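Visitor: Chains as they are written, first to last, in the numbering used here: chain R, 1 to 295; chain G, 1 to 343.
The hints are simulated quantities; they were obtained by calculation from the structure and are not laboratory data. From a predicted model like this one, the values you see are computed outputs, not experimental measurements. Some clues are possibly wrong.
Claimed, not checked - In the BS3-like style, the derived pairs of lysine-lysine whose C-alpha atoms are separated by at most 30 Å in a straight line are:
1) R:K169 x R:K84
2) R:K92 x R:K190
3) R:K122 x G:K253
4) R:K92 x G:K126
5) G:K126 x R:K267
6) G:K253 x G:K168
7) G:K43 x G:K164
8) R:K190 x R:K84
9) G:K308 x R:K92
10) G:K253 x G:K334
11) G:K168 x R:K84
12) R:K267 x G:K253
13) G:K253 x G:K164
14) G:K308 x R:K282
15) R:K84 x G:K126
16) G:K126 x G:K308
17) R:K267 x G:K164
18) G:K308 x R:K190
19) R:K84 x G:K253
20) R:K166 x R:K190
21) R:K169 x R:K282
22) G:K126 x G:K191
Unchecked claim - Computed far set for chain G versus chain R, every beta-carbon distance over 12 Å:
23) I16
24) A30
25) K43
26) A160
27) A197
Beta carbons: idealized from backbone N, C-alpha and C, even for Gly.
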Amino acid sequence: MSVLSMIVSQLINGLQSGSVYALIALGYSMVYGIIMLLNFAHGDIIMVGAYIVWVTMSVLGLPPAVGIIAAVAGCTLLGVIIEKVAYTPLRKSPRLSLLITAIGVSFFLQNIAQLIIGAGSKTMPAIVSGPNLYIGSVNLSFVAIVTIVVSLISMAILTILVQKTKMGKAMRAVSEDMGTAQLMGISVNKTISFTFAIGSALAGIGAVLYSCAYPQASPTMGSMLGLKAFVAAVLGGIGSIPGAMIGGFAIGILEAFVSAVGLSVWKDGVVFAILILVLLIKPTGIMGREIKEKV
Amino acid sequence: MKKNTVHIPMPIRYLINAAAIAAIYLIISALSSAGVITNYYTKILILICINIILAVSLNLVTGYLGQLPLGHAGFMAVGAYASGIFMRAVSGSMPTGLAVFLSLILAAIVAGIFGFIIGIPALRLKGDYLAIITLGFGEIIRVVLLNIDSVLGFNFTYGAASLKNIPKTTTFTLAFICVVVVCFLIHTMMKSRYGRAILSIRENEIASESCGIRTTYFKTMAFVVSAAFAGVAGSLYAGYLGILNPANFGFMKSIEILVMVVLGGMGSMIGSVVSAAVLSALPEVLRAFADYRMVAYSLLLILVMIFKPSGLMGTYDFSFTNLIGRLIGRISGKRTARKESAE
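Bound-form chain R, shown alone (with noise of 0.2 Å):
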């Protein structure tokens, strides 16, 4: 009974470390999608929200759903300020400048965080808390189960809006082909930075989360949770959006075993290490599709 408590309450915790995953897998993916870039910055939108949430609760004392509201607003607006920037200028470059660049806007994030609110950690305040669960001998926290439930919601909503609402319609017609969607009277650039929206949106809602379960904020957080996360996108299937949800998960689950059997040292060995076996035996991903390279 023990040994099933323990795997049913290391699956919690795993679904629960992938639900913010898979939210941040969901603004690679889609914007992998879409412009097929790389975005390596959205890692650092992340820790961009976890600060915001820091300064409206900690510095400034406001209630909590003022600094998720102020952390969500903050991260969009920053997503669509990136893009239109630094991404905007180079849409018709080589792909090699545009990777660059989002190496560059990532590091800029990183360090000018680094430069304004100094190198060490912040302690997080408690943004939600409540009794925890117990169903028999497993205990859920409740934040463990706030985080399952609106990652969930949030992914529901987003699955709407892509597959029902006329701009998620836009967004796919651009993903499949921009210079067909543009002869059909869809505005490119509003779509792209729609696109940016959302994904940023999901990754204010990540941080969120992410600052609910580990209270800590610190500049360089989102460069390890980011690539996680594109892990989990390219697991799932880059460009897919129910793929990057599937990768989140399993990235979030794998993690939280490997740290359950006292390989928790070698946790980022093994994410990365599933990255070059999906790589190597499906580069597409569990859900992607294969794409044949005409000359």
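Given the coordinates of chain R, assemble chain G onto it according to the supplied hints.
Guide: What follows is chain G alone, placed relative to chain R:
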């Protein structure tokens, strides 16, 4: 070919270049023995040399081959640890000169082997995926260096506690010689048929493959050579610092090297050399600048990509002998022009 250029024949070109390099070396060593270049500046010069080797070796893959690996610091780490562990093991039992030479060779070979192991799978992928997979390998190398001791059961890399007491054998002379050798080897390689094959892969991989170039072979070769030279730089670094910690070889370091290459111009050796020298000297010379260094680097990266994606030098390569040839051509051209006008 410009009209006023005198073509200097090949062996004389090498002689001129060798003389120029010897002159640079003699000037620097004369200045340091005269006390103009203090110990502190010598340290900076060594650091510049190490960074030049790193930038030039990354340029081979990024600039000439057109791929973007993000794990260059990983190869440097492998070379540094290989040579650090070797130097600690043999110190005292072998003449220092021989030990240093062997450690450089060992670092190059071990890093080259890692480059081969990583290159074979990584080079099956392109663009973003290649960037990510090399980033993954770089991180795995770091994690392994950090935690390998607990698996082996004895102290091998000393993990987070740092590998200490490595003999500090890196002198300016050694670093300078390594820079010259590495630049010479990469230069001659790029002028050979191997280099032309590598360039053709950058220009169009499918076209070059259909012309009968074994793209996988040449890509792997460029990758291995690049990794081996990064290992040499790592070996110099180990002998320069005397202490190694896996945290020194993170993703940040890879990006720092990439900034040097991108800023100088991908595909330009002189660009890599100049930007590596400037970017390693700047934070030391301007102490106040050190805090803002990474912010400035990242801004530079974005601005260069937006306004001049080919880098400051583009693919321009400086040739000292061509410059001399042009100068001679101009002087003699003037003389003939004067003669003609006198007649």
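Visitor: Against the earlier hints, flag every one the structure doesn't satisfy and list their numbers going up.
Guide: Checked against the structure, the hints that fail are numbers 10, 11, 14, 26, while the rest are satisfied.
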